[in-house]
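Turn these sequences into a full structure, and let the hints steer you where they fit.
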Amino acid sequence: MFASIILLCICIVFIIFQLKSRRPKNFPPGPSTLPILGNILNLSPEDPLKDFERLRKTYGNVYSLYFGPKPAVVINGIEAIKMAIVTKGNDFAGRPQDLLINDSTDKKGMVMADYGPSWREHRRFGLMTLRNFGMGKNSMEDRIYGEIEYIIQTLQKSDGKIFSPQHMFHNVASNIICQVLFGTRFEYDDVFIREIVRCFTENAKIANGPWAILYDSFPIVRGLPLPFNQAFKNVDTCRKLVIAEVKEHIKTRVPGDPRDFVDCYLDEMDKRGEEGSTFTQEKLIMYALDLHFAGTDTTSNTLLTGFLYLSTYPYIQERCQQEIDSVLEGKDRATFEDRHNMPFMQAVIHEVQRVANTAPLSVFHTTTKDTEVMGYSIPKGTLIIPNLTSVLSQEGQWKFPHEFNPENFLNDKGEFFKPDAFMPFSAGPRMCLGESLARMELFLIMVTILRKFKLSWPEDAGKPDYTPVFGITLTPKPYSMKVQLRATQ
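If you count by my numbering, then the sequence shown holds residues 1 to 489, one letter each, in order.
Among the clues, some could well be false.
To be verified - Keeping only pairs whose Cα atoms sit at most 25 Å apart, straight-line, the calculated SDA-like set for lysine to any residue is: (1) K399 - T467; (2) K107 - T237; (3) K25 - K82; (4) K108 - D338; (5) K454 - R333; (6) K108 - H249; (7) K418 - P314; (8) K380 - R22; (9) K107 - E275; (10) K413 - T467; (11) K247 - G273.
If you are wondering where the hints come from, they were derived from the structure by calculation, not from laboratory data.
Next comes the structure, spelled out in structure tokens:
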């Protein structure tokens, strides 16, 4: 009897040892793993960023975790991140293909597309098309100002009142990218805008929540009726909305005379023909959704963060307004080129992007081949998590790494400069496609609002809470601000 118990214990220990994830030779170090679960319990699903920082202090800038049986490498700090996604960019340019976000889009999206010929063709096409439609040119400024008029009207109606900007900034960012994609803007109560924003908001929370971790770590649960299935329903809802737009474009387009991104893509399909082409209507639909999400969520959350800080740092707001008034005196509106004459405003906008940290873990990568970083061996197909938070608040890279201070982007002469550690759009081959559009939107929207309005924190609102809500993007908690037309306007 005693011998049987000993034998059973040995068997149990052996099974546990076999189930326990074991790090390959020269793999980055990390915390001990649990059988089956790996390191899931080491991370808080509500906000793992503090856990990532805690583990970095223990294991260094390159360490490993296991999500169930799957290994992942977390890369921190400017030196390690630049080595991985810039210097060895091709080695680290893959995307995980077996996660909820990819399964819900049927692997047709471009943000999560695998690093190969199809992705490279679509990346090239996207950059060229967005450039042709005025990225950095006056035509894009006109599109942005067309939407800014609705911001001004909304804020004028709230003159002297308390106003919550959440929906306004989401709608504005969404409509600007809609004009690029579909050549049209939608009323803010239009079903297209309402449903797209709702679905994106829900999926951003789902994709970085506990149900997505369960889905990604344990394939056995994928057929069960669990909350992650809502992500599939939301993608299907968005697909149907975009399909209707594409069908309308097919009926009304003039081949060779594109009005917008969708027309350009359809022209490219005509040029390539059907045989062997990677350009298809289904990929167009998901490409448009990718661009819409990327062009809406990050920009709107950055604007929300910006006006949260500006309404609670009145002396910074006033200094911005003094510079704006001086540079734009006698002009009807700002141009993107005016940024070169506004060093403090530029510093404020970049500092807003730094503290907003809207994509704290970037988008997950995978290695495309056996490679190494900082002396550690990383096998092909390993999940890579670039922790951009570690760079945007890295000691030694910023004058004031842990507080909101535009001096982080001003030299001793008061001139604007951009430190190497500023990478809110990531870097390397997978760098954000819409960086130029986002930069123009942030400058023109913030300058125009600050020129016309004074924004302040309501006296009875209590202490402002700058702690964001974690998701694929960090979102400021809902807040309100007092709006007043400036006397000089």
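To test your reading of the hints: which numbers does this structure violate? Hints 4 and 10 are the ones this structure does not satisfy, whereas the remaining hints hold.
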